[in-house]
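> Below are the chains, spelled out letter by letter.
Number of protein chains: 2
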Amino acid sequence: MGFISDLEISIAKTNSLLCIGLDPILNKIPAHLQTKKDFIFLFNKLIIDSTHNLVCCYKPNIAFYASEGIYGLRQLEKTIQYLHEEYPGTAVILDAKRGDIGTTAAQYAREAFEVYKADATTVNPFLGFDSIEPYLKYKDKGVIILCRTSNRGAADFQDLGVYPSNEVRSLKPVTVRQKSSLEARTIKPLYYHIAKQVLSWNKRYKNCLLVVGATWPEQLKEIRGIAPDMFFLIPGIGTQGGDIEATIASGIRKDGSGLIISASRSVLYAESGKNFAEAARIETIKLRDTINTYR
Amino acid sequence: MGFISDLEISIAKTNSLLCIGLDPILNKIPAHLQTKKDFIFLFNKLIIDSTHNLVCCYKPNIAFYASEGIYGLRQLEKTIQYLHEEYPGTAVILDAKRGDIGTTAAQYAREAFEVYKADATTVNPFLGFDSIEPYLKYKDKGVIILCRTSNRGAADFQDLGVYPSNEVRSLKPVTVRQKSSLEARTIKPLYYHIAKQVLSWNKRYKNCLLVVGATWPEQLKEIRGIAPDMFFLIPGIGTQGGDIEATIASGIRKDGSGLIISASRSVLYAESGKNFAEAARIETIKLRDTINTYR
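Going down the list, the protein sequences come from chains L and F. Residue numbers for the first sequence, in the working numbering: 2 to 296. Residue numbers for the second sequence, in the working numbering: 2 to 296.
Everything labelled a hint here was simulated from the structure, so no lab data went into it. Owing to the predicted nature of the structure, the values given are computational and were not obtained by experimental measurement. Do not rely on the hints blindly, as some may be mistaken.
[What the hints assert, rightly or not] Covered, in the sense of this in silico footprint (three residues per stretch, anywhere, with C-beta under 8 Å from a C-beta of chain F), are these stretches of chain L: (1) 114 to 128; (2) 192 to 204.
[Claimed, not checked] Computed cross-link-like contacts, PhoX-like style, restricted to lysine-lysine with a CA-CA straight-line distance of at most 25 Å: (3) Lys197(L) to Lys38(F); (4) Lys37(L) to Lys14(L); (5) Lys138(F) to Lys38(F); (6) Lys79(F) to Lys79(L); (7) Lys222(L) to Lys138(L); (8) Lys275(L) to Lys37(L); (9) Lys14(L) to Lys287(L); (10) Lys118(L) to Lys14(L); (11) Lys189(L) to Lys14(F); (12) Lys255(L) to Lys275(L); (13) Lys189(L) to Lys118(F); (14) Lys38(F) to Lys275(F); (15) Lys14(L) to Lys140(L); (16) Lys14(F) to Lys138(L); (17) Lys189(L) to Lys138(L); (18) Lys14(F) to Lys189(F); (19) Lys207(L) to Lys222(L); (20) Lys29(L) to Lys29(F).
A virtual CB, placed ideally from N, CA and C, is assigned to each residue, including glycine.
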């Protein structure tokens with residue numbers, strides 16, 4: 002049992018690596034729903050009802066609910082509850098990207114897994130192991146750690162060239178005299194180092210996944226090389242412009258699986274009128290089948 | 002106007018660099034309050050009433066509220082509302098450490114500044130500039146960017162030795178032939194690079210601050226060297242063990258200001274019985290005065 006084995010079952014059952022990101026943008030929700038009380042939940046429900054047998058999981062991003070305050074968070078609660086009740090076996094990833102010191106991270110892990118009852122959540126590794134450990138201790142839950150994100154700014158820090166960790170504790174200027182150590186090693190980007198670190202955490206906890214953006218197939222390939230057996234969550238196809246063929250070619254696992262490919266806006270807002278749920282279904286089928294063509 | 006100038010006024014008025022972290026731990030809240038309906042808010046209110054003229058700001062960490070679900074978040078709302086109404090001029094920092102791609106970061110900025118009406122919030126820089134920019138655009142608000150955190154795991158990634166950014170875009174193995182560039186530069190840790198980057202963002206936006214843990218005075222000194230004029234938020238004194246004398250010696254700005262020194266557990270839970278608010282006041286005076294001794 003646990004998130005990863007449940008996910009494998011869901012992928013087999015739906016024949017789909019696709020995940021729908023449930024990120025409601027209020028002014029894009031069809032006008033005929035806007036007058037209803039729980040219209041965000043209702044929008045999600047209709048999307049879910051229309052696509053549930055075509056995707057391996059759903060991924061609500063909590064930011065899109067939290068920005069509407071407590072009303073928004075109730076819509077999130079209702080959405081996850083609906084998924085668990087109506088479609089058990091369909092995993093729910095809470096996209097929250099939290100990161101804080103250990104005692105605080107324990108509170109955030111409760112938020113994701115106990116308050117919202119997510120099956121997995123995304124986390125930010127910037128604060129190091131003690132910021133991730135409280136999540137890892139929920140053995141049945143998936144912990145999806147940011148490695149190389151899909152946005153432009155990802156390069157600002159995630160691509161910085163980093164020294165191997167055994168040299169790091171005693172940081173000293175490097176001179177040409179340190180010839181042998183320089184020749185023996187290569188400088189690798191930060192995301193590479195994170196992937197290596199998560200791989201080592203995963204050996205012990207077995208519930209880690211990585212986030213790698215679809216917008217960077219080269220980096221995806223490099224990270225697949227480091228972690229040949231792990232699952233990756235791949236945001237960035239659709240509106241963000243990531244290419245499906247390149248993503249699959251660079252990131253697919255040897256068994257034709259190992260990727261959760263997430264689309265949000267291109268599915269949710271495929272059409273703005275009364276037929277939005279049917280339009281979302283058609284777009285979902287298209288994406289799933291395109292992905293399967295290249296698997 | 003704006004967060005930083007308001008903060009300067011508050012520091013002058015209270016003669017205090019101290020900030021109280023409002024991080025309610027439910028089983029540490031005195032028993033006689035636990036039966037009340039809004040007991041988290043009530044606990045905060047009594048702490049605030051007892052300490053408001055001794056601190057320059059308050060810093061609720063949203064994790065400690067979110068882990069209690071919607072009930073907890075209502076307590077957070079009430080706490081911030083109370084602060085704004087009863088003690089205008091006392092800044093409220095929402096400690097949230099969010100970090101996401103631009104479109105999502107805009108939702109999180111709304112959460113901090115519009116839903117909870119915080120005067121400033123902490124953010125995680127791992128996703129780069131486009132994850133911070135939506136916050137920076139709120140010109141009157143403070144954007145407090147993680148640089149070197151107070152926890153043990155901070156060293157895992159924040160201390161990694163990094164190449165200067167102009168070399169980074171074309172990552173290649175370094176060989177001894179690249180002698181001149183190696184001699185000309187030194188490898189610096191990631192947090193150093195982040196401080197430099199934030200300094201450049203702050204030139205344009207003028208509303209950035211940095212988080213630097215009190216548990217690392219050496220790093221604090223180095224970062225003060227990079228950013229001589231910026232405000233730093235310093236968590237980690239008290240329960241986490243940071244030393245006040247070393248923190249001030251390493252981090253104080255030339256004008257005797259430039260630091261927000263945050264304590265939470267050591268103040269909130271100074272006593273567990275009915276006199277908790279008075280005990281918190283005594284501990285707050287002690288901390289404020291100790292800080293002022295070394296300024």
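> Confirm or reject each hint.
Here's how the hints hold up against the structure:
1. 114 to 128: Our answer is that it holds, as 6 residues pass the Cβ test (under 8 Å) against chain F, meeting three.
2. 192 to 204: Contact hint for the stretch 192 to 204 of chain L vs chain F: holds, 3 residues under 8 Å.
3. Lys197(L) to Lys38(F): violated, 48 Å
4. Lys37(L) to Lys14(L): violated, 34 Å
5. Lys138(F) to Lys38(F): violated, 38 Å
6. Lys79(F) to Lys79(L): holds, 24 Å
7. Lys222(L) to Lys138(L): Violated, because 29 Å separates the two Cα atoms, which is more than 25 Å.
8. Lys275(L) to Lys37(L): The hint holds at about 14 Å.
9. Lys14(L) to Lys287(L): Roughly 18 Å between the alpha carbons, so the hint for Lys14(L) and Lys287(L) holds.
10. Lys118(L) to Lys14(L): Given that 25 Å is the threshold and the Cα spacing comes to 23 Å, the pair holds.
11. Lys189(L) to Lys14(F): violated, 49 Å
12. Lys255(L) to Lys275(L): The hint is violated at about 42 Å.
13. Lys189(L) to Lys118(F): Violated, at roughly 41 Å.
14. Lys38(F) to Lys275(F): Distance of about 18 Å is within 25 Å: holds.
15. Lys14(L) to Lys140(L): holds, 23 Å
16. Lys14(F) to Lys138(L): violated, 46 Å
17. Lys189(L) to Lys138(L): Violated. Lys189(L) to Lys138(L) sits at ~30 Å, over the 25 Å cutoff.
18. Lys14(F) to Lys189(F): violated, 39 Å
19. Lys207(L) to Lys222(L): holds, 22 Å
20. Lys29(L) to Lys29(F): Violated, at about 44 Å.
Checked against the numbered hints given earlier, the structure breaks hints 3, 4, 5, 7, 11, 12, 13, 16, 17, 18, 20 and satisfies all the rest.
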